[in-house]
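Number of protein chains: 2
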Amino acid sequence: MSENWDDKKTQATQWFRDLRDNICAEFEKIETELESEKPVGKFERKPWSRDENEEPNHSGSILKGGGEISLMRGRVFEKVGVNISIVHGNFAPEFAEKIPGAAESKGEFWAAGISLVAHMQSPLVPTVHMNTRMIVTSKGWFGGGADLTPMIENVNDTKDFHAALKACCDKHDPAYYPEYKEWCDKYFYLPHRDEQRGVGGIFYDYKEDDWEKDFTFTKDVGTTFLEIYPQLVRRHMHKTWTDEQRETQLIKRGRYVEYNLLYDRGTQFGLKTGGNTEAILMSMPPEVKWP
Amino acid sequence: MSENWDDKKTQATQWFRDLRDNICAEFEKIETELESEKPVGKFERKPWSRDENEEPNHSGSILKGGGEISLMRGRVFEKVGVNISIVHGNFAPEFAEKIPGAAESKGEFWAAGISLVAHMQSPLVPTVHMNTRMIVTSKGWFGGGADLTPMIENVNDTKDFHAALKACCDKHDPAYYPEYKEWCDKYFYLPHRDEQRGVGGIFYDYKEDDWEKDFTFTKDVGTTFLEIYPQLVRRHMHKTWTDEQRETQLIKRGRYVEYNLLYDRGTQFGLKTGGNTEAILMSMPPEVKWP
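Protein sequence lines correspond, in order, to chains R and E.
Using numbering that gives the first Met the number 0, you'd call the opening residue of the first sequence number 0 and step up by one each time.
Using numbering that gives the first Met the number 0, you'd call the opening residue of the second sequence number 0 and step up by one each time.
Keep in mind the hints are simulated off the structure, nothing from the lab.
A few of these clues could be false.
Pairs count within a copy or across copies, as identical chains cannot be separated in the list.
Unchecked claim - The calculated DSS-like cross-link candidates involving lysine-lysine, where the alpha carbons are at most 27 Å apart (straight line), are:
{"#": "1", "residue 1": "Lys-238", "residue 2": "Lys-288"}
{"#": "2", "residue 1": "Lys-251", "residue 2": "Lys-206"}
{"#": "3", "residue 1": "Lys-185", "residue 2": "Lys-271"}
{"#": "4", "residue 1": "Lys-97", "residue 2": "Lys-271"}
{"#": "5", "residue 1": "Lys-251", "residue 2": "Lys-288"}
{"#": "6", "residue 1": "Lys-251", "residue 2": "Lys-37"}
{"#": "7", "residue 1": "Lys-185", "residue 2": "Lys-158"}
{"#": "8", "residue 1": "Lys-218", "residue 2": "Lys-165"}
{"#": "9", "residue 1": "Lys-37", "residue 2": "Lys-288"}
{"#": "10", "residue 1": "Lys-97", "residue 2": "Lys-206"}
{"#": "11", "residue 1": "Lys-105", "residue 2": "Lys-251"}
{"#": "12", "residue 1": "Lys-105", "residue 2": "Lys-138"}
{"#": "13", "residue 1": "Lys-8", "residue 2": "Lys-185"}
{"#": "14", "residue 1": "Lys-63", "residue 2": "Lys-105"}
Whenever a hint applies, use it, and build me the whole structure from the sequences.
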């Protein structure tokens with residue numbers, strides 16, 4: 000590796016940790032703002048480590064490092080997982096060839112990131128996904144994004160979510176938003192249903208223009224998420240909903256499951272290379288119906 | 000194709016249809032044997048046809064033919080789907096290369112079969128899957144099997160289910176049962192959980208020893224299923240269950256979803272080649288939890 004990545008890895012790791020802390024604090028605050036018979040949710044944090052792994056796993060890869068799963072089951076957030084992970088190791092050749100620069104690093108990689116999926120009690124509050132990550136092989140880059148999946152579509156939510164992401168992108172480069180919005184629409188698509196997973200957002204990957212610039216943008220994506228999503232939650236969480244709306248929500252969640260297990264690259268790659276199943280599948284909704 | 004397959008295709012198709020009728024009749028009979036406030040289930044039958052498809056779909060394959068989805072939501076059977084399909088067409092090269100004899104037939108194929116998944120109201124009644132099929136490319140063969148997924152394990156159910164399948168296999172060849180049991184165990188395995196999907200059964204494929212012999216065996220697998228599974232249902236369906244057992248069932252069903260969407264060859268291949276999504280995903284459980 001031609002650059003010295005150590006300091007960059009440290010900075011990015013610290014950011015993902017701080018962002019996780021800020022998101023968890025804000026979501027716990029939201030829990031206290033709703034009157035309900037259900038108990039107020041608090042995040043439970045579960046660290047995991049694979050540092051004892053010296054031998055290749057069933058995929059032929061060696062995975063070391065670890066992470067922290069933060070999971071909350073509450074009165075507003077039915078199930079929300081916020082994972083951070085800092086992993087490294089060696090991918091087996093069949094996996095390394097799918098990762099930029101990993102052939103040149105002989106499969107060696109380092110990756111850190113934050114990943115979040117929120118499934119809400121109220122069908123009026125949209126489901127959301129946010130993930131940003133830094134990966135280093137023989138090169139280093141950022142990737143990530145945020146996207147919204149309303150259970151019952153709401154034009155204003157969609158507009159405001161996209162406006163926030165566009166403003167975030169435009170601060171850095173006016174070319175970002177149209178490109179990353181389109182990437183998101185293409186990525187979160189279920190061909191077997193000919194349906195989008197939700198109403199989109201932004202998605203970017205292999206971003207290696209300039210480390211400082213890309214890191215600043217990645218931080219902004221996280222901060223923007225932390226500003227806009229709580230607004231959408233507070234907008235709807237006090238409203239009552241019908242059994243029919245709940246049913247619609249449970250069925251729509253089935254599409255989320257189908258997408259994640261059939262198509263999501265991170266899920267498929269993670270499970271195939273022997274990643275942490277509990278962390279990867281924290282994205283599964285708490286309750287789902289295929290009636 | 001060196002053999003004349005027309006009469007064989009007709010015979011197999013008729014068998015799959017007859018078996019479907021007999022299974023549906025037996026399951027509807029079971030519905031009337033339980034006292035419950037819920038309405039007695041009746042199968043709803045939905046035919047589908049793709050005969051208008053002359054052009055390749057998104058996968059580059061041409062799929063023609065059709066089938067019938069029979070779906071029942073009842074007081075014993077929470078959701079049971081029994082599909083038959085008789086399809087033909089041309090697989091795109093990337094799919095054809097995965098199917099024996101399809102390179103030689105230039106992608107041309109014919110397939111008929113029956114596929115069944117039953118998700119039960121009671122967590123004390125095991126989930127079951129049964130599928131048999133005949134496929135013709137430049138060669139022709141049978142495949143299929145049946146396997147049991149208890150929500151709460153029951154040693155006698157497992158023993159009796161396997162004993163019935165073993166007796167069925169042994170009538171044809173004493174080598175079948177050990178080979179097909181092992182194939183089933185290997186197939187219905189979730190590597191990311193290091194768990195079996197259920198307690199197994201038998202699985203066989205590419206069976207082209209002798210058409211008459213293989214057809215007779217395939218018919219026997221269907222008949223054996225129709226004898227043994229209703230016994231297991233009637234054994235447990237009158238018993239009451241606890242909320243905790245229901246919860247266990249809903250979580251166990253999540254593993255079924257994970258298996259079918261992440262690993263099941265038929266599901267993945269079917270969805271990727273543009274098969275009928277509604278028919279393929281009738282296997283999804285009616286209600287599932289990932290708490």
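Structure-based check of all given hints:
no., hint, verdict
1, Lys-238 <-> Lys-288, "both (23 Å within a copy, 25 Å between copies)"
2, Lys-251 <-> Lys-206, "neither (32 Å within a copy, 40 Å between copies)"
3, Lys-185 <-> Lys-271, "both (23 Å within a copy, 17 Å between copies)"
4, Lys-97 <-> Lys-271, "both (13 Å within a copy, 20 Å between copies)"
5, Lys-251 <-> Lys-288, "both (8 Å within a copy, 14 Å between copies)"
6, Lys-251 <-> Lys-37, "both (24 Å within a copy, 25 Å between copies)"
7, Lys-185 <-> Lys-158, "within (19 Å within a copy, 49 Å between copies)"
8, Lys-218 <-> Lys-165, "within (15 Å within a copy, 61 Å between copies)"
9, Lys-37 <-> Lys-288, "both (22 Å within a copy, 19 Å between copies)"
10, Lys-97 <-> Lys-206, "within (16 Å within a copy, 36 Å between copies)"
11, Lys-105 <-> Lys-251, "neither (42 Å within a copy, 39 Å between copies)"
12, Lys-105 <-> Lys-138, "within (12 Å within a copy, 43 Å between copies)"
13, Lys-8 <-> Lys-185, "neither (30 Å within a copy, 41 Å between copies)"
14, Lys-63 <-> Lys-105, "within (16 Å within a copy, 46 Å between copies)"
Hints 2, 11 and 13, counting from the list given before, are not met by this structure.
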